[in-house]
Structure formats: structure tokens, C-alpha cells
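> These are the residues of each chain, in order.
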Amino acid sequence: MLHGATRVGRAAFRACDPDGRVRRTVVDAKKSQPRRGAGVRRGALVALYLGAGALGYGMTAWGPANAAGGSGSTPLSRVGYALREERVSVSPEAWTALGEDVEVVRSTWNPEQLPIYDLVVAVRGLKHGGTPDWVEAERLCRQLSWPRCDRPALEALKQRSRP
Amino acid sequence: MRSPRLASLATWGAGPLLVLALGAALGRSRQERNPFVEATAALSEAERKQLESAPALAIANATWALGDLESVKRVLKAELDRLPDSEGHARARTTLRMAIADDNPDGQAALFALTCTYDERMCGQLREAAQREARDRLVPPGNAVPLSLLGGHPR
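These protein sequence lines are chains G and F, in that order. For the first sequence, this note's numbering assigns the number 1 to the initial residue and increments by one for each residue that follows. For the second sequence, this note's numbering assigns the number 1 to the initial residue and increments by one for each residue that follows.
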């Protein structure tokens, strides 16, 4: 037989025996339902806000069709610019963003030419802050079974491929 | 009754839209700080198109520098398909490369003729243009000026 009940929360009571020992905790089901519902709603709200922020940021910062003020800058033109310039001195963040552009362009490129595209990207270092990735370039060149893949040839390719 | 409804509308509708706009503004400022974006944002349509053709040109140049004959043929054909008629000089350069790499004299002659239709100036300096292209190629075939352009006959 229970002799007392102590409220321990908004929707729960602790039932005690005559010695004051806790026998069981009684949960008021009617009151706990709205509380759980509020938790779910709060979680959904947080997710909605986070999703909205990420979507807004992603659409403009990483979007495939650049949305920077409706300007003419596109991933293809940015990759083209990086390939045309002999030396580009920009921040590591800008190189990271260019790496994303390189991937966007790659995803739309003629599949037959992808290994050559990758080779050009490697010798020009477009995904490594402008530093050529000679090891990767040699691997790609050998994969293409081209007549020469030695370092001097790849260095010449770097110069001669510049549009 | 109206107040809770308004609060709910603000929380679930206007709030997320505001966050979306803030995120977009943040993303845009990130783009605008990017020098690659800055360098290409203010270009005219023609300049942008020129930059956009640079990756394809880089691939064609790379293939011409080191590629095997099969790759050269494939990439030059793709380049010719890609280039509009208005790009006469680039089309002429492509057919000239095709001619230099072609080992068939008849094929070479036809491609030289095509080069002349695309760019009259290049046509007048075919030998010099061929020398430049041959210098850019590091592997045979195509790294030497075709005999038909060298002129004269052995006595």
C-alpha cells in the first residue's frame, strides 16, 4: 500500500511506502505526451533552421551555376581562367573553391576526354594550390599509354597545354 | 487566437526564410572574396566564352604535346566539332595539326586546303605555322614539318 506521492517532474510522481522508500515512479501519461511532442517539434524546428541556412549558403557559395550577383562567372570560366594564367597567387580558400569548380566541370565533361582533363588538372596543380602533382600526372599519363610520361615531358606538357 | 498563429507563422515560415537569406548572403560574400570569381565576374559575354573554351583548348594542347596518334585524332576531331565557324583561326590551327599528324599525302593536302578556307592569313604562312605546331609536339608523328610543305625536290 502506498502512503505518499511526491511530484518529481512536470508529469511524474514518485510513490512511497510507509517507511518512505520509493516504490515506483508513476508517469502521468496524459501530461508526458505533449512534452514529447514539444521535443519533437523543437528538433524539427532546429533542423529546419539549420537546413535553411545550409541551403542558402550552399546555393550561392557552392552552387554549380554561380549566383554571385547574377554575374558572368561560371565554374567553367573560373577553371579556364586558372588554366590560362601562368601563375595565380590566391588564398588556400580560393584554391579549395577552385577545386570544387574543377569537380563541377569534370562532371559535365566528355567522358572520353576525362583522363586527359585529369592530367591537365594534375600538371597545373588546380587541386593542389597551383603546385603540380607530378606523381598523379605520371600515373594518368601511363594510364593513357602515351609515348612519353617522364618528368621533363610532363613539365613541357604543363607549359604547352596552357591555352 | 491571432497571436499564437502569428507566432507560429513567424517561427515556421518567416524565420527559416530569413535564415535562408542570411545563408545566401554569407555564401555570396564568400564567392565575392574569391579572386577567381572577381577575375571572371565582370567579363563581357565574348570574354567569358573565350575563358570557357580554355579547358577544351588546354586538353587539345596537352594531347598535341604528348598524346599518341589515336588520342590526337580523337581530340582534334572533338575540337573541330566544338569550335564555331566564327573561330576561324582556331579551326585552322586544328586542321593544320590534323594535317601534320596525317601520314597520307592526299589526306594532308585536303586538310591543308581546309586550313586555308578557315584562315586566309595562316594559309599564306602555312610552312611557318606548321613549324610552330611541330615544335609544340614532343613525340612522333607530327613533330616534324611534312615534306610537302618544305618545298623543292631532291635533285
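Bear in mind the hints are in silico, worked out from the structure with no lab data behind them. Just so you know, not all the hints are guaranteed correct.
With a straight-line Cα cutoff of 25 Å, these simulated DMTMM-like cross-link-like pairs (lysine to aspartate or glutamate) come out [as the list claims (entries may be wrong)]:
1. K49/F - D118/G
2. K73/F - E155/G
3. K73/F - E100/G
4. K73/F - E138/G
5. K77/F - E133/F
6. K127/G - E93/G
7. K127/G - D106/F
8. K49/F - D133/G
9. K77/F - E112/G
10. K49/F - E86/G
11. K49/F - E138/G
12. K49/F - D150/G
13. K73/F - E38/F
14. K158/G - E70/F
15. K73/F - D150/G
16. K158/G - E120/F
17. K73/F - E87/F
18. K73/F - D118/G
19. K158/G - E128/F
20. K49/F - D68/F
21. K158/G - D85/F
22. K158/G - D106/F
23. K77/F - D118/G
24. K158/G - D133/G
25. K158/G - E47/F
26. K49/F - E70/F
Facing chain F, a subset of chain G residues (Cβ under 7 Å, in silico) [stated by the list, open to error]:
27. R78
28. K127
29. H128
Note that CB positions come from ideal geometry on N, CA and C, so glycine has one too.
> With the threshold set at 25 Å, check whether the alpha-carbon distance from K158/G to E70/F stays at or below it.
The given pair, whose Cα atoms are some 21 Å apart, holds under the 25 Å limit.
> Compare the distance between the alpha carbons of K158/G and D106/F with 25 Å, and conclude whether the hinted pair is satisfied.
Violated - the C-alpha atoms of D106/F and K158/G are around 33 Å apart, more than 25 Å.
> Can the restraint linking K127/G and D106/F be considered satisfied, given a maximum Cα separation of 25 Å?
Violated, at roughly 44 Å.
> Do the alpha carbons of K77/F and E133/F lie within 25 Å of each other, as the hint requires?
holds, 17 Å
> For the pair we were handed, K158/G and D85/F, check the Cα-Cα distance against 25 Å.
violated, 28 Å
> Are the Cα atoms of K73/F and D118/G separated by 25 Å or less?
Holds: K73/F and D118/G sit about 19 Å apart, inside 25 Å.
> Given the hint that K73/F pairs with E38/F, test it: the Cα-Cα distance must not exceed 25 Å.
violated, 37 Å
> Would the hint linking K158/G and D133/G be met if the CA-CA limit is 25 Å?
holds, 11 Å
> Hint check: is the beta carbon of R78/G less than 7 Å from a beta carbon of chain F?
Hint holds; R78/G Cβ to chain F Cβ min 4 Å, cut 7 Å.
> Given a cut of 7 Å on the nearest C-beta pair, is the interface hint for K127/G held or broken against chain F?
violated, 13 Å
> Next pair to validate is K158/G with E47/F; report whether the Cα-Cα distance is within 25 Å.
Answer holds: K158/G to E47/F is near 23 Å, not above 25 Å.
> Verify the proposed pairing of K77/F with D118/G, using a straight-line Cα cut of 25 Å.
holds, 20 Å
Checked against the numbered hints given earlier, the structure breaks hints 3, 7, 8, 11, 12, 13, 16, 20, 21, 22, 26, 28, 29 and satisfies all the rest.
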